[in-house]
Amino acid sequence: MRIEFQNVHFAYKPRVPVLSDISFDLETGDLLLILGQNGAGKSTLLKLLNGILKPTGGSILVAGCDTATHSTAALARHVCVTFQNPADQLFASMVRREIEFAPRNLKRRDAGKLAEEALSLCELDPVALRHPYDLPPAQRKVLTVASAIASGSSFLAFDEPSAGLSQLERRILDKVIGSLRANERGLLVVSHDLELFLPYASKVLLLHQGTLVFLGEPQELLRREEILEAAGLKLPALMRLKKDLGIALL
Amino acid sequence: MAARILVDRFSFQYGPDLPSALAEVSLDVPPGSCCALLGPTGAGKTTLLHALVGILGRHHPGSLHSGSICIGKRTFTPLPRDILFPEVGLVLQDPYVQLSGVRDTVYDEVLFTMENLGTAAENAETRIVKLLRELGIDHLAFRQPSTLSGGETQRLALATMLIAAPEVLLLDEPTSALDTAVIGRLRQIIKSLQGRTTVVVTDTHIEFPLALADQIVVLHQGRVLFSGSPRDFILRIEDFENVLPLHGWREVLDGLARSSMGRPHAADLLGKALAEP
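Protein chains in written order, with our numbering: chain H, 1 to 250; chain X, 1 to 277.
It is worth saying that the hints were derived from the structure and are not from the lab. Some hints could be false.
In the DSBU-like style, the derived pairs of lysine-lysine whose C-alpha atoms are separated by at most 30 Å in a straight line are [to be verified]:
| hint | chain 1 | residue 1 | chain 2 | residue 2 |
| --- | --- | --- | --- | --- |
| 1 | H | 175 | H | 203 |
| 2 | X | 191 | H | 243 |
| 3 | H | 242 | X | 191 |
| 4 | H | 234 | X | 73 |
Take these sequences, add in the hints, and give me the full structure.
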């Protein structure tokens with residue numbers, strides 16, 4: 001199964017383009033890391049995946065479904081998108097219910113099993129009976145990831161999944177991403193956290209002011225740091241130091 | 001005028017049946033300096049900031065507390081009972097919550113702070129435009145706050161505090177939604193406050209704090225594990241591996257130590273490398 005962006009344009013307001021002429025494709029089993037400055041259009045790109053936003057030009061196919069003509073409900077069977085801010089997304093009164101919602105709503109045959117697996121993969125079993133808003137913000141963030149996994153959708157898109165996470169939750173997220181990669185899910189990750197996600201990425205997409213300025217393998221991006229700099233980004237200090245010392249980055 | 005923050009054996013429990021959020025925490029932040037509170041989620045970082053700004057004293061009537069908190073010349077035993085804004089400004093971890101929701105543009109949102117403080121008459125426009133420019137969001141002045149990206153919202157929330165010129169500025173994980181370039185800019189902004197404003201910043205990572213802070217404090221389960229200079233922190237980095245994401249840092253430090261003259265020299269090199277813009 002695949003996701004295809006073909007010459008996609010998007011504007012919230014006429015004549016103010018947010019995304020211009022974006023083309024890429026992605027198979028299940030891939031992890032596409034989406035980089036760019038604040039305001040480059042990264043989150044907008046994710047909202048186009050499940051039809052919350054419709055492209056104003058070009059086309060997007062998700063598992064063969066054109067997002068322009070398919071409802072968000074229909075697209076959700078194939079792609080599940082999490083938001084940057086957990087408050088935009090969580091609504092159930094119990095962690096377990098929150099995780100069960102997507103697979104039940106999508107009428108997955110093995111809904112209970114999907115929810116149980118996501119709960120344990122994300123190490124949320126100890127808080128399964130708590131209210132999502134009683135969890136610390138970092139754990140709430142992990143909960144949004146768990147809910148997406150439980151959806152059973154082939155493609156998962158995460159917006160800044162590691163923002164605000166401390167060492168404990170990062171370790172969990174690291175394990176979760178590894179497991180999703182091994183299980184051939186297709187992942188799209190918007191993040192500034194190169195240390196965590198670059199080693200897992202099969203492709204990197206770099207946005208600058210709404211246009212695609214790089215699409216390629218992580219190794220190539222690391223060799224050509226000037227591409228990052230031209231897009232207003234740079235390697236985190238730790239990665240720069242490692243590079244200087246000849247320590248492997250991936 | 002910057003204020004000294006002095007926290008003396010401060011303990012706090014949200015309720016009688018809940019574990020201690022803070023236990024005998026002591027802290028001395030000299031006026032105009034920057035202190036970084038590091039630790040995993042649940043360590044008590046946010047609770048401490050909320051105690052300093054007055055949220056805890058005001059909104060948690062059933063809590064248990066002891067010790068004392070001094071901010072400038074004022075001593076609170078054990079903690080402030082009212083929000084100390086504008087003397088103390090806090091930028092929340094979730095900046096969306098911080099915005100008023102009743103103003104239609106970024107510019108107006110910042111003006112709203114000035115109106116509330118009765119300072120809007122004093123050349124408001126010049127001051128707001130200058131601040132937005134420093135924060136790199138002047139091009140967004142006429143945008144609706146709810147349409148901003150995560151990192152842009154963070155900077156707007158900061159602007160609504162900075163416009164009040166607080167004596168103490170508290171920043172709760174300010175870098176979590178920012179890209180590397182904006183983090184660099186935020187570092188410059190905080191540096192430029194040096195001497196004028198006392199800054200306390202929390203983080204779960206060490207890169208930003210090490211490049212910025214005069215003092216590093218590591219909290220874990222409500223207790224102070226470490227308090228000292230960034231250099232001393234680097235020298236004792238192994239002690240914090242279970243509570244902070246340090247794996248790669250240790251590798252780098254060992255690499256530096258091998259290629260230079262041991263750990264102390266490596267710590268200096270690392271500090272220097274981080275301080276580069």
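Problem set entry | Violated hints, by number in ascending order, as checked against the structure | Failing hint: just 4.
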